[in-house]
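Residue-level listing of the chains:
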Amino acid sequence: MALLEVRDLTVRFVRRGERSFTAVDGVSFDVEPGQTVGLVGESGCGKSVTSLAIMRLLARRGNEVSGSVRFEGTDLLKLSDRDMRDRRGRDLGMVFQDPLSSLNPVIPIGLQITEVLERHRGMSRKAASVEATDLLDKVGIPDPSRRLSEYPHQLSGGMRQRALIAIALACRPRLLIADEPTTALDVTIQAQILALLRELVQDTGTALIMITHDLGVVAGLCDEVNVLYGGKIVERAQRHQLFAEPRHPYTHGLLASIPRLDAGRGEKLIPIRGSVADNIPWDHGCAFAPRCPNALPVCREVQPQLVPDRAGLLRCHNPVRPAVAAGGGTR
Amino acid sequence: MTRPAGDVLLEVNDLKVHFPIKSGVVVDRTVGHVYAVDGVDLAIRRGETYGLVGESGCGKSTLGRAILRLSPLTAGQVVFDGTDVAKLKGEELRKARRRMQMIFQDPLSSLDPRQSVESILVEGMHAHGLDKDKAATQRRLRQLLAAVGLPETSLRKYPHEFSGGQRQRIGIARALAVEPDLIVADEPVSALDVSVQAQVVNLLEDLQDKLGLTYVVIAHDLAVVRHISDRIGVMYLGALVEETDADSLYQDPLHPYTRALLSAIPVPDPQVEDTREQILLAGDLPSPANPPSGCRFHTRCPWKQASLCDTDRPQLREIGAGHRVACHYAEDIRDGRIQPHEVKAELVELTGALNPDLGPPDIGTAAEIL
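Here the protein sequences come in this chain order: A and U.
The numbering of the first sequence is numbering that gives the first Met the number 0, which starts it at 0 and goes up by one.
The numbering of the second sequence is numbering that gives the first Met the number 0, which starts it at 0 and goes up by one.
Treat the hints as calculated values from the structure; they're not laboratory data.
Among these hints, one or two may not hold up.
Cut-off 20 Å, straight-line C-alpha distance, at most; resulting in silico cross-link-like pairs (EDC-like, lysine to aspartate or glutamate) [what the hints assert, rightly or not]:
1. A/77 - A/29
2. A/267 - U/244
3. A/267 - U/220
4. U/343 - A/136
Quick look at which bits of chain U chain A covers, simulated, 3 or more residues with Cβ under 8 Å [as the list claims (entries may be wrong)]:
5. 155 to 164
6. 183 to 194
We treat Cβ as the ideally placed atom computed from N, Cα and C, and that holds for glycine.
In isolation and in its complexed conformation, chain A is listed as follows:
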């Protein structure tokens, strides 16, 4: 049995006097123990809302969440608030994008870690403080015992993100959700944090859901990658396959539009035309159709279903053919 089974997860934003908006639209995926799963997409594709829905961090008011999120067999969406609080931090940890706004600015770092240990593992303050020093050391913060009494503003961005990872790992959760953990950081610091995450996953056997817009980050870290567009998964594949032979025109377009460090000079980028604002609703066809170079008339009439394709899944009427993909262009 998978560690986490997300089935048909749907999140609708409902505001009075406004038309409701489906941010996440029937997303299903599994996470096996020790596996790293990527959720990739651009802003507005629903990747962050998916993670917040799994952690039950969306306000009840204004959000309608349906579907199921089974963690070792228990549906998290059906738990009472009290039971969910027990799970958060203990079984599921989360690392957010901006460490400064997710750490409490008026509480020292140490207390923010020991709080978790006392709450979930019933440790005494003293034992917790020893453990906290250990944790800070493990995530690579120099001079950990001194840092315990410091406040978030006294740490650099990279150090803050390490502290946040230490908090998320304090109870050795079996699942860690990282929502754009390196987007706010410089590249050399990003490389440090990614190496840290990779090592922690290997050492502790923690499963990881990596949410990012950066395909480069995914390429080095994830076992399986889900590409989201307009709230739906449009393609899923093992990372080697996804990057070598992207099947969905969106995935293919994304890969063709990012400048690669190792590409030859003078190669023209092939952008995806239009922007996310050009989407059409999924019930009238494929949301990506207005921007898709492969679009057929059927794409604007019939909603494509997510069907098995090679070793993965694909939601497209007219996918990119591998030979064409290898050639580098679809137009």
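Model the placement of chain U on the given structure of chain A, informed by the hints.
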């Protein structure tokens, strides 16, 4: 691409921008300086794209703004087409600015929300007296919109009615309105979604081909910079550490920092990611208010040697054609005579100076941490 060597449009000589750190409630005392840009020399040829890369806090944006006189200069020269812009004042400076324009990172906060696109575009032309003929102005506006790929109906719209990519196009059109020679683009695509980034990058390239513009592109994303630049300067703590053409920088990086920076950038290809060797830098960027002695990179450099590195500040020197690097041991590193070693991460105090009594903390080697 080789151009006549004498055709330099912009020359920067020993440029320094120091910001004072003030303290005190009643009397402002200057207690120190942030050495944002500390001695930069560079020359940019007409029609080329010069990329400036570096991490946050390295002074790349300040340098870009100083070139346009948007930041006060502490010392140095900025020679634009023969005139030293740093010495210009008042009306002369205002006139000189027509030829040097800027594109900003965040297209929403750099456009006035209460101005229509037409008014945004005409404003600069009006300031420089280019809008005398009404019919010609209208023609020019339509030309501008066509050049950046916006529909003519955009003129009456306001910035909030556009998407991020379209707003950046408005920002570009505004810069082009006064027919500049030089455009400084500060992180022109980093606020945009990946699929839209490519549109703007291509637009910038097309405009350069058509109008013969000279660009200074400032970005933290080396992949983007490498894609559009002819030559690239890498900055670290207020100074250039390496400068060369885009291909050599990738194939033959000489400065240890450039090497680490290149290896830190994720490549969207699992095969490359699995096989390539990463140079992980230990610790954080030191504070620009209290830069390390000697070579500014020596606190994090895996190739640091016992002599020179922490005492003498290396100057940019030429190694090979057009390849400048500021490292005492560049040749030895290139030829493999010096091997990288582990670096202990030094504590970086955000609040001020490093405490001299404390000494480096014992925290294990970089390999243990990372």
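Here is what the structure says about each hint:
The suggested pairing of residue 77 of chain A with residue 29 of chain A holds, with an alpha-carbon distance near 18 Å, which does not exceed 20 Å. Between residue 267 of chain A and residue 244 of chain U, the direct Cα distance comes to roughly 18 Å. Compliance with the 20 Å bound is thereby established for this hinted pair. Distance restraint check for residue 267 of chain A and residue 220 of chain U: the Cα-Cα separation of roughly 17 Å lies within the 20 Å cut-off, and the hinted pair is therefore satisfied. At roughly 14 Å between alpha-carbon atoms, residue 343 of chain U and residue 136 of chain A fall within 20 Å of each other, so this suggested pair holds.
Coverage of the region 155 to 164 of chain U by chain A holds [criterion: at least 3 residues with CB-CB distance below 8 Å; count 3]. Under a criterion of three residues with beta carbons nearer than 8 Å to beta carbons of chain A, the stated coverage of the region 183 to 194 of chain U is upheld, 3 such residues being counted.
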